[in-house]
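Here the protein sequences line up with chains A and B, keeping their order.
For the first sequence, numbering that gives the first Met the number 0 begins at 0 and goes up steadily by one.
For the second sequence, numbering that gives the first Met the number 0 begins at 0 and goes up steadily by one.
Possibly wrong hints are sitting among the right ones.
Note: identical chains are not told apart, hence a pair may lie in one copy or across any two.
To be verified - In silico BS3-like cross-links for lysine-lysine, where the CA-CA straight-line distance does not exceed 30 Å:
(1) Lys-284 with Lys-60
(2) Lys-503 with Lys-449
(3) Lys-463 with Lys-546
(4) Lys-284 with Lys-407
(5) Lys-297 with Lys-463
(6) Lys-91 with Lys-60
(7) Lys-503 with Lys-546
(8) Lys-284 with Lys-297
(9) Lys-449 with Lys-91
(10) Lys-91 with Lys-297
(11) Lys-60 with Lys-546
(12) Lys-60 with Lys-449
(13) Lys-449 with Lys-284
(14) Lys-407 with Lys-26
Hints listed in this document are in silico derivations from the structure and should not be mistaken for laboratory results.
Bear in mind the structure is a predicted one, so any value in this text is a computation, not a measurement.
2 protein chains.
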Amino acid sequence: MQYHLNGYRPGDPSISPAADRVVVQPKIVDVLIVGCGPAGLTLAAQLAAFPDIVTRIVDRKDGPLSLGQADGIACRSMEMFEAFGFADRVMKEAYWVNEVAFWRPGSAGDLHRADRIQDVEDGLSEMPHTILNQARVHDFYLEVMANAPRRLVPDYGMDLMSLTRDTGSHPIEAMFQSPDGVTETIRARYVVGCDGAHSTVRAELGYALRGEAARQLWGVMDVLAITDFPDIRLKSVIQSAGAGSILIIPREGGYLVRLYIELDALHGDERVADRNLTPDILIAKAQAILSPYAFDVKEVAWWSAYEIGQRLCDQFDDARPEQDPHIFITGDACHTHSPKAGQGMNVSMADAFNLGWKLAAVVRGQSGPDLLRSYSAERQAQAQELIDFDRDMARLFSARPEHADEAKAFQRYFKRHGRYTAGVETRYEPSLITGDSDHQALALGFPVGKRFHSAPVIRLADAKPMHLGHMLRADGRWRIVAFAPQDHRAALQRLCTFLADDPKSPILAATPPGEDIDAVIDLRAVLPVGHQGLSPTDLPSLLVPRKGRYGLQDYEKVFCLDPRNDIYDARQVNRSEGALIVVRPDQFVANVLPFAAHDQLSAFFAGFMVAV
Amino acid sequence: MQYHLNGYRPGDPSISPAADRVVVQPKIVDVLIVGCGPAGLTLAAQLAAFPDIVTRIVDRKDGPLSLGQADGIACRSMEMFEAFGFADRVMKEAYWVNEVAFWRPGSAGDLHRADRIQDVEDGLSEMPHTILNQARVHDFYLEVMANAPRRLVPDYGMDLMSLTRDTGSHPIEAMFQSPDGVTETIRARYVVGCDGAHSTVRAELGYALRGEAARQLWGVMDVLAITDFPDIRLKSVIQSAGAGSILIIPREGGYLVRLYIELDALHGDERVADRNLTPDILIAKAQAILSPYAFDVKEVAWWSAYEIGQRLCDQFDDARPEQDPHIFITGDACHTHSPKAGQGMNVSMADAFNLGWKLAAVVRGQSGPDLLRSYSAERQAQAQELIDFDRDMARLFSARPEHADEAKAFQRYFKRHGRYTAGVETRYEPSLITGDSDHQALALGFPVGKRFHSAPVIRLADAKPMHLGHMLRADGRWRIVAFAPQDHRAALQRLCTFLADDPKSPILAATPPGEDIDAVIDLRAVLPVGHQGLSPTDLPSLLVPRKGRYGLQDYEKVFCLDPRNDIYDARQVNRSEGALIVVRPDQFVANVLPFAAHDQLSAFFAGFMVAV
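Let the hints inform the model, and build the full structure from the sequences given.
This is the structure we're talking about:
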């Protein structure tokens, strides 16, 4: 954490100085967020970081969530939480999914453990796969929002009635109604529907979720129970001989456990509610599947039933060829799938993280409105991929393991897709903001279009061992991570001279007068040497930039090798040539370029960034 | 973290359910703590954890600290913070002391870096050495207290006027006065003076600090500055040719830095105030020492001046041969020393952590009042050692490095004592609560009388990689950590049969009826095998005990080897024989016994624990 730049300030450094002139419940806003689920809160936390963006977030519910719903947090989401500053709190409270057990009927018809595998392969992420009540994730986001410069707090009890689009700088008019019938109108430059599977924003756009419900009914419950099932504290997939399947997800705190329980398929027009399900029915079913193990439920903390459906919108915004997008939908509002792959909350948050910095860049005038079209393009393709994956997964999960081969196929599938469920396989196609792979060979471990994969380094100035990726904060900034070649002195000097002094420098082009030199594009350097042979005073001044009201030097820009884990080896960076890794504000690798490719670097940024 | 044992409870799990019948500002208390510094708050945080102990903490100041004072947090204190649940927050906000640089005059009279060493030797602690404003440490303790069952909050503006001792269950009467002259009387069973170097509690005891002020004057200041000194973000000891010495301590947030600046010795009766010191004088002096490097101070966040003195009380309580102690003093109230070894706050907190569980045990009737005599015995000896160390350190620090040999001697001394300044060398002598070393050979890496040195393990039930020492919470419980021998099944079964069923079991003797079996003595096991070959259902039931209102099983008692770091090797535990490590509530190793030494185990606990 960096703080005290503009003078010593006592107290909690995670509470930012408040922005000037924050209006409570403004009627005219830059961004209106409808819905306080994981997507809405991720977006709100992102936007609240900017003192100059007016955001409002509303929800039809009467207050924050306290129970139930999603619980799986993929490694990739943990990486994002780190950028928002609360991954450590999730790590502390959450259950960690370390291994997965697979149980199948033995030859005598009883259950036996067929396999037990590592959940996250070594080196996939520095973050664990965790399980934590969605309500706690909300709490952390609400805290980030409240402590951010905009001091953003949701307004509850506001039900969206209509959205209309006309012209002007704030072309969207949203009408809300409170539970006691009072209406309120908000005019917004942009509206984002994070309002779930029954999204009003989607309905107002006239869009439909396409796809079929699979009619497979599932029950889910969080319970406190006593059992002699040996793997009750491991994520366990249990496929019984004839009673169906269960997925066991141990929960935070050491005692709670979640069960996903397969129920009979729905028939014809039957709806979930027609079944008159009760917790006792779910418990009896769980007991049948787990037999001969005992399962004595002492308390049901939460339960629900749902049918699996994979459905998707064709488009996640209201853009037309002749019309820039001003209305967006995210998360369950534009794609729904089964909860068992643990993707729902994660993909929704990833939608919002993709959109947040783009909205900020356009509202703040750093990029033109074209940038916003990349949201639907990037995330709709991802959602399609997820839905295909989820359909396969659900089918394999519900298949009766009459033949060992089928069960083994499921295990293989599960294992092979571990990278996918960890959320680190997302890859955006080349676009305005994502380069091609022409120079990928210079840094094979930083694939263009995929998330920046962190590795350990030592910070030069204070010899701190840390993860390089943890300097990627959720602050809307682009980053150039310059992996210097072996002969680093002259090469770094040339790069910094270009970036600091050349009229074609993308940093100079993007940085408004009076702002810190790293306010828009943040240059970092990694050197292929140990840290003890160098000092910050040996570096070009752009790498120890003077910032803030006092012109203090920022000593946290440069990193060296951790001798226990050489990042050039770990990420296959060409040591003799080096590489420039351009990283988007959402931590995705936008481009890999040769170290001296000044013109290409300028051209890339010029493609989407407004010169000031 | 373990929670939801007695039913699902939404919200932040670090907020404990409140104790019944908490009286605000009680007039009759079990423990009265005078002073809200690091010692007082450590003690308050410890006592607030017990729903059945009535504590009050008061301070003469009008509110919590916001600036300055101590900043060094030794590894050992970080381990203690982990037990209180906030080490992660300190790690996130703090500066990490990774290396120390030593600067001396070169042959041309200018400064050069003579050496650069690792600050904490590898493997000394799983925790870093950190630097963080004392006020933030206070904040974390205040949060722990407020979230604890007793919801403890300090009362400020209460100046202690007198302490009188008579008889009865609450023999101490304390009289306070508020700034507007209102008096208040509190009757307490025990009073603890955590009221600093000018302690009123010490004065009321009639005790004096013995020792001489060394008359060496030092200035300290926290500044935001611009400099070309290369090691400004490293802890640096700078001994100039003729201008004196400086210690640079980089501070949290990346910009702030603390300087300890040597000034001229005080002469005769001269007092610090006589010097009319100003920040500008300190800055000029710092600039002279750092020359030829520039040092341009932009803001002085805090500054002070002090003379080094090493002073100590003979006794830290009011015990007499015929009279149990009821009044205690801790921290600066009983020992003062120079701040430069970074020991002050750490030793004060260690005093309080030593005393806290003992007070709790006696107030709750788990131990007789004799236990309380061990506080002064253990901590006075430690303070004497610290003062000897500090005197040597201060002398070497101020020595003019005219000869390279002298400077090198200082470096050697500094290096050799790294373990000491990390706080992990404290070793309590054999006593009622600390065994002898007869069986030390069974576990050489857990020296009796020293703090339990953590190492990595894998938790059996959920395959979680973790530090074994992190199960040592600040909850007043004793722990038996049973390192099973290679042939673990039969041996563990015999141990658990003894502990669960034998009339001589110390656990049965100590546990009140109706309490969980681990409420007073918490049995844990470490097995010298990998975790995948075993299940919790293979274990004796005492190691998966049923707890709470539902009788849920606790799956977090048993650990296996981390293949990357075998704890039996790391801590030199005899693999064929195993060992029982008895751990005090303050994380110190109380005893090492043979695995089957049932009678010795019983006898050890019977020495200080009341059978119920």
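Evaluated hints:
no.	hint	in the structure
1	Lys-284 with Lys-60	neither (32 Å within a copy, 62 Å between copies)
2	Lys-503 with Lys-449	within (28 Å within a copy, 62 Å between copies)
3	Lys-463 with Lys-546	within (22 Å within a copy, 43 Å between copies)
4	Lys-284 with Lys-407	within (24 Å within a copy, 75 Å between copies)
5	Lys-297 with Lys-463	between (48 Å within a copy, 26 Å between copies)
6	Lys-91 with Lys-60	within (29 Å within a copy, 34 Å between copies)
7	Lys-503 with Lys-546	within (22 Å within a copy, 68 Å between copies)
8	Lys-284 with Lys-297	within (16 Å within a copy, 70 Å between copies)
9	Lys-449 with Lys-91	both (28 Å within a copy, 27 Å between copies)
10	Lys-91 with Lys-297	within (26 Å within a copy, 39 Å between copies)
11	Lys-60 with Lys-546	neither (43 Å within a copy, 37 Å between copies)
12	Lys-60 with Lys-449	neither (36 Å within a copy, 55 Å between copies)
13	Lys-449 with Lys-284	neither (42 Å within a copy, 53 Å between copies)
14	Lys-407 with Lys-26	neither (57 Å within a copy, 69 Å between copies)
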